[in-house]
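Colleague: Residues per chain, in single letters:
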Amino acid sequence: MNPKLLKLYLKLKKQGLNQDHEKKILFELNYNGTHDFCTIPSDGRYIKKDDKYCSDPDLYDYNDFTVFQKNVPLQIPYIFQIRSIDELLEKDAQREKDGFPRKIRVGRLVKPGKGGKEKIVVVPTTVEEKFIHDPSQSESDESDQASGSGDGEEGEVIGEEPVHAPDESSGEGPGEGKGAPHETESNAYDLGKILTEQFELPNLKDKGKKRSLTKYTYDMTDKHRGFGQVLDKKATLRKIVETNIGLGNITEIENVDLNSLIIAPRDKIYRILSKEKDYESQAIVFFLRDYSGSMSGNPTQLVVSQHVMIYSWLLYQYERQVESRFILHDTEAKEVPDFYTYYNSKVAGGTKVGSAYRLVNEIVEKENLIKDYNIYVFHGTDGDDWDTDGKETVKEIKKMIGYASRVGVTIAEHSSISKTSTVVERYLNRSRLLVDKPDYIRLDVLPSEANESRIIQGIKKLIS
Amino acid sequence: MELINQHTKKIMEKCKENAYDAGLRFDAETLEYIVTNRDLLELSPKYMIPTLYDYWVHDVEVLKEKGKYELYPSNPYETVINTRPAISFYNDNNPDWLNVMIFYHVLAHIDFFQNNRFYRHTWEYDFTGQALSDKRVIAKLRSEKGRWVDYVIEFTRGIDNIVGYYKELSSLDRPYKSYEEKMLDFYFDVFLQSTKKVKITEYVKEIERYNQCIKQVGRIGERSFFIEVNKKYPEFDAIFKKYVEKNTRNSYDLIQYLITHSDFLSKDENKWMQSIMQIVRKTSVFFQPQIRTKIMNEGWASYWHENLFLKDDRINGHEVDFARVNAQVTAMPRIGLNPYALGMHLFYHVKKLRDKGRYSTEFRQIRDAQTRKNYNTNTEKGDKFIFEVRENLNDFMFINTFVDQDFINKNKLFVADRRLNKTQTAWEYFVKSRKVEDYRQMLFNKLYHPPHIEVCTEKSKDDMLYLVHNFEGKALVNDYVKNTLMGIEYLWGGPVKLETSEFVVKTSQKQGYGFFSFYGMQSSKHETKKEEKKWQRVLYTMEKRRLSKKNIDG
Numbered sequence: 000m001n002p003k004l005l006k007l008y009l010k011l012k013k014q015g016l017n018q019d020h021e022k023k024i025l026f027e028l029n030y031n032g033t034h035d036f037c038t039i040p041s042d043g044r045y046i047k048k049d050d051k052y053c054s055d056p057d058l059y060d061y062n063d064f065t066v067f068q069k070n071v072p073l074q075i076p077y078i079f080q081i082r083s084i085d086e087l088l089e090k091d092a093q094r095e096k097d098g099f100p101r102k103i104r105v106g107r108l109v110k111p112g113k114g115g116k117e118k119i120v121v122v123p124t125t126v127e128e129k130f131i132h133d134p135s136q137s138e139s140d141e142s143d144q145a146s147g148s149g150d151g152e153e154g155e156v157i158g159e160e161p162v163h164a165p166d167e168s169s170g171e172g173p174g175e176g177k178g179a180p181h182e183t184e185s186n187a188y189d190l191g192k193i194l195t196e197q198f199e200l201p202n203l204k205d206k207g208k209k210r211s212l213t214k215y216t217y218d219m220t221d222k223h224r225g226f227g228q229v230l231d232k233k234a235t236l237r238k239i240v241e242t243n244i245g246l247g248n249i250t251e252i253e254n255v256d257l258n259s260l261i262i263a264p265r266d267k268i269y270r271i272l273s274k275e276k277d278y279e280s281q282a283i284v285f286f287l288r289d290y291s292g293s294m295s296g297n298p299t300q301l302v303v304s305q306h307v308m309i310y311s312w313l314l315y316q317y318e319r320q321v322e323s324r325f326i327l328h329d330t331e332a333k334e335v336p337d338f339y340t341y342y343n344s345k346v347a348g349g350t351k352v353g354s355a356y357r358l359v360n361e362i363v364e365k366e367n368l369i370k371d372y373n374i375y376v377f378h379g380t381d382g383d384d385w386d387t388d389g390k391e392t393v394k395e396i397k398k399m400i401g402y403a404s405r406v407g408v409t410i411a412e413h414s415s416i417s418k419t420s421t422v423v424e425r426y427l428n429r430s431r432l433l434v435d436k437p438d439y440i441r442l443d444v445l446p447s448e449a450n451e452s453r454i455i456q457g458i459k460k461l462i463s
Numbered sequence: 000m001e002l003i004n005q006h007t008k009k010i011m012e013k014c015k016e017n018a019y020d021a022g023l024r025f026d027a028e029t030l031e032y033i034v035t036n037r038d039l040l041e042l043s044p045k046y047m048i049p050t051l052y053d054y055w056v057h058d059v060e061v062l063k064e065k066g067k068y069e070l071y072p073s074n075p076y077e078t079v080i081n082t083r084p085a086i087s088f089y090n091d092n093n094p095d096w097l098n099v100m101i102f103y104h105v106l107a108h109i110d111f112f113q114n115n116r117f118y119r120h121t122w123e124y125d126f127t128g129q130a131l132s133d134k135r136v137i138a139k140l141r142s143e144k145g146r147w148v149d150y151v152i153e154f155t156r157g158i159d160n161i162v163g164y165y166k167e168l169s170s171l172d173r174p175y176k177s178y179e180e181k182m183l184d185f186y187f188d189v190f191l192q193s194t195k196k197v198k199i200t201e202y203v204k205e206i207e208r209y210n211q212c213i214k215q216v217g218r219i220g221e222r223s224f225f226i227e228v229n230k231k232y233p234e235f236d237a238i239f240k241k242y243v244e245k246n247t248r249n250s251y252d253l254i255q256y257l258i259t260h261s262d263f264l265s266k267d268e269n270k271w272m273q274s275i276m277q278i279v280r281k282t283s284v285f286f287q288p289q290i291r292t293k294i295m296n297e298g299w300a301s302y303w304h305e306n307l308f309l310k311d312d313r314i315n316g317h318e319v320d321f322a323r324v325n326a327q328v329t330a331m332p333r334i335g336l337n338p339y340a341l342g343m344h345l346f347y348h349v350k351k352l353r354d355k356g357r358y359s360t361e362f363r364q365i366r367d368a369q370t371r372k373n374y375n376t377n378t379e380k381g382d383k384f385i386f387e388v389r390e391n392l393n394d395f396m397f398i399n400t401f402v403d404q405d406f407i408n409k410n411k412l413f414v415a416d417r418r419l420n421k422t423q424t425a426w427e428y429f430v431k432s433r434k435v436e437d438y439r440q441m442l443f444n445k446l447y448h449p450p451h452i453e454v455c456t457e458k459s460k461d462d463m464l465y466l467v468h469n470f471e472g473k474a475l476v477n478d479y480v481k482n483t484l485m486g487i488e489y490l491w492g493g494p495v496k497l498e499t500s501e502f503v504v505k506t507s508q509k510q511g512y513g514f515f516s517f518y519g520m521q522s523s524k525h526e527t528k529k530e531e532k533k534w535q536r537v538l539y540t541m542e543k544r545r546l547s548k549k550n551i552d553g
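Chains H and X, in that order, are what the protein sequence lines are.
Mapping to numbering that gives the first Met the number 0: the first sequence position 70 is 69, numbers consecutive.
Mapping to numbering that gives the first Met the number 0: the second sequence position 134 is 133, numbers consecutive.
It is worth saying that the hints were derived from the structure and are not from the lab.
None of these values were measured; they are calculated from a predicted model.
Be aware that one or more of the hints could be misleading.
[Stated by the list, open to error] Here are the in silico distance ranges between beta carbons for each label pair:
| hint | chain 1 | residue 1 | chain 2 | residue 2 | range |
| --- | --- | --- | --- | --- | --- |
| 1 | X | Trp55 | H | Asn367 | 33 to 41 Å |
| 2 | X | Val504 | H | Glu448 | 20 to 28 Å |
| 3 | H | Pro437 | X | Phe470 | 54 to 62 Å |
From the three backbone atoms N, C-alpha and C, an ideal C-beta is built for every residue, glycine too.
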């Protein structure tokens with residue numbers, strides 16, 4: 000139990016809480032987990048607990064190609080394989096018309112790497128459903144057991160491995176990152192390529208002028224010796240003089256015999272056409288994720304999926320020119336260095352949405368980002384907040400709207416929560432910000448059973 | 000894809016000679032292809048069969064992790080495929096010595112495909128040729144019927160893991176029985192004994208009467224015998240006909256049953272669907288033995304590449320290279336199950352058992368450790384014996400028969416398990432058991448085993464199809480039940496029911512949401528949750544693409 004949280008809870012309790020809300024707070028308070036990573040083991044063999052996280056080669060994983068010829072099974076470059084997601088989704092929509100459930104899921108294999116090397120495989124996936132046995136539904140836990148060989152008495156511990164996979168005692172992770180270790184990933188570019196939909200950052204203002212986001216101009220600025228499009232007379236003359244001084248043809252500066260000067264072909268300086276970056280507005284994007292205890296399960300999946308898509312799309316569309324910052328929050332917010340950490344941290348703890356917005360405001364102020372950047376903020380939450388009237392949050396958001404080009408809030412609903420709107424939704428509506436400043440703040444409420452096309456729709460709503 | 004060059008082919012031919020001398024038996028003709036990465040991309044979704052039919056699922060990434068091999072029981076990266084002639088695939092940059100080693104391995108695989116009796120149904124035709132014509136049929140139908148072809152493929156593939164592979168196998172090589180012979184067997188074995196429950200004296204009298212008839216009039220005696228029978232039991236004919244019909248029905252798997260009994264499929268405009276279902280079923284049946292002989296097949300191939308290559312003078316100068324690769328392939332991992340290693344060591348173990356005469360009741364009855372250790376009757380029949388084993392067994396039988404305590408001890412095997420350590424920050428792996436029973440059971444749990452689901456003709460009435468999952472202690476994956484049933488409903492053209500068992504866990508937790516409860520949390524953390532688990536028989540009904548479920552007794 001976190002004593003700080005407890006204090007906070009008691010304070011809130013004093014101010015009065017309704018029953019539902021108290022229940023939610025208590026759930027998070029009692030949520031027994033930490034913000035560990037749910038990392039994907041990079042190598043090594045270990046016994047599987049959960050199929051999802053398994054990298055232990057199964058009995059049937061061995062094959063002649065890999066063991067003899069070192070021919071690592073390749074990741075298929077999806078852009079060659081499929082025409083476009085649109086086409087597949089269209090096929091899928093046709094399925095629905097024919098009266099069968101949809102089969103294609105988009106963007107479910109995500110695997111961010113550490114240190115800026117994002118490895119995201121956003122691909123259409125499917126599963127062929129059959130009647131198969133479910134080893135998790137059985138009386139014994141024998142499905143856990145594995146074969147071993149070597150020394151050791153019965154009962155002797157022969158090795159340890161840090162807990163990676165989520166289990167009862169630790170928090171739950173977004174956990175779509177998985178796959179055999181030999182899998183090579185394509186990077187985020189692939190999504191951008193296959194997403195035929197082109198998004199654009201809204202309200203892009205002229206700021207910073209440090210580097211270009213999109214455009215090039217062509218100009219005769221580059222110099223080239225010997226040949227080119229236009230002779231640069233001044234530069235050529237200078238070069239000729241230089242050469243002739245070297246040759247000793249020019250002795251007196253006042254009295255130069257122009258006829259005696261030698262003109263070497265390489266002395267001619269031309270201007271040639273060159274591709275120049277058009278220095279343009281810059282943008283910085285803040286990703287905010289609620290990783291409180293209540294986010295476990297579907298909401299986190301949805302938020303993370305959506306943020307992965309936005310992130311990959313930004314990487315592609317703006318060719319890595321958009322800066323991204325990542326912030327996680329429960330009752331307190333913290334900035335994390337890379338998408339990997341952002342993506343993989345598990346949920347736990349209580350919820351104070353305001354803390355995240357405050358942190359963004361602080362960062363913006365401290366680093367004076369307003370001057371040079373267009374600022375975008377994307378926040379994902381399940382809409383639950385211990386601070387019911389959202390006083391602090393609304394205050395911070397108001398401040399943020401003052402400088403941000405767009406704030407996009409995604410609320411991923413719990414299926415369990417009743418039809419009434421969530422806390423965050425309620426106080427955002429009350430603040431009338433959504434109505435008054437639709438250009439600067441958008442809200443998208445994802446139902447818990449949202450599929451990928453719904454998520455993409457959500458992105459459109461947030462940034463259009 | 001191109002064939003290997005003449006130089007490499009020569010190496011292969013030499014390997015064939017050596018393998019043949021060692022006793023391996025296979026068709027002389029084989030095809031070896033060099034494959035590029037691009038080829039592999041195209042081949043792997045089709046299980047390395049270049050001519051397999053096209054299907055859109057091959058174009059998208061399939062979520063394979065969950066129950067991967069239950070869903071896709073064939074290996075996407077097999078080096079050698081069971082065709083006539085056998086085809087194998089290689090990298091173009093393998094050094095010669097490595098090729099020699101792989102060739103021996105491949106030849107042993109081919110020997111296994113062509114001699115192991117679980118592949119019996121694949122012996123008489125070339126699967127690539129078959130697949131090619133199937134592919135053309137599907138392509139043609141697709142040009143006529145469009146997406147509906149893919150629906151039919153999809154729905155049939157949904158049940159292609161429960162094809163009646165063993166039924167198919169057992170129907171092969173049976174001595175032919177005429178209708179009269181069947182009737183005779185039925186009369187004496189079933190009708191008199193089970194249906195009429197006649198007394199022994201009466202039974203013997205009937206036999207005597209039969210013999211009398213044969214003696215008097217020879218062949219037609221049988222007919223006159225049954226004329227009497229029909230007089231005595233007028234209902235006999237009808238009962239026999241029913242019995243025959245029921246037996247043929249029972250020998251159908253679900254796909255066959257749908258093909259022959261579905262009203263929907265027998266409509267003229269839907270008849271084309273039947274050929275697609277046949278193709279999907281045939282393809283599945285073809286692949287069935289691969290996954291059921293993984294340990295044996297790889298063990299057999301490893302046993303031979305090791306033995307043959309060590310005797311081959313082409314190893315000269317590459318002993319260390321070979322040792323490295325071979326160790327990687329055949330080492331028993333500290334934790335994990337390597338079919339190459341397990342299978343190979345088992346074959347060595349089997350050979351030794353037979354060489355020393357220990358594969359006998361006499362040896363098994365010896366309790367004294369020292370006597371067991373020294374027991375040796377010098378039969379030296381091991382070499383021949385392993386060939387018999389490779390001919391007649393599959394993975395389950397292989398493990399069940401030959402994994403014994405001596406094998407476990409010799410290879411220092413154990414069942415490993417893991418638990419959370421006390422600080423709960425790490426998994427501890429520990430030696431759970433070194434007993435042969437436990438180890439064998441662990442192996443069994445790892446083996447491929449599709450659920451046993453059959454049509455229950457008694458409970459199917461009107462236009463309703465009733466499926467029964469013969470429960471073996473494992474439930475079905477719930478998420479997949481709905482869509483699979485929906486596919487069956489489409490093919491059947493009427494409501495479908497599935498009887499299965501589900502695991503119900505009732506947890507009664509003491510902790511509530513009260514204010515004081517979390518003070519107690521620390522102390523109550525280790526309090527055991529009360530869990531009540533039991534199996535519940537349930538009945539799913541799929542009607543008009545809606546799924547409902549109810550509990551039933553039994």
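Colleague: Evaluate each hint against the coordinates.
Modeller: Here is how each hint holds up against the structure:
About 53 Å separates the C-beta atoms of Trp55 of chain X and Asn367 of chain H, a value inconsistent with the hinted range of 33 to 41 Å. Distance hint for Val504 of chain X and Glu448 of chain H: a CB-CB separation of about 24 Å, consistent with the stated range 20 to 28 Å. For the hinted restraint 54 to 62 Å between Pro437 of chain H and Phe470 of chain X, the CB-CB distance of approximately 58 Å keeps it satisfied.
Violation of the numbered hints given earlier is confined to hint 1; every other hint is satisfied by the structure.
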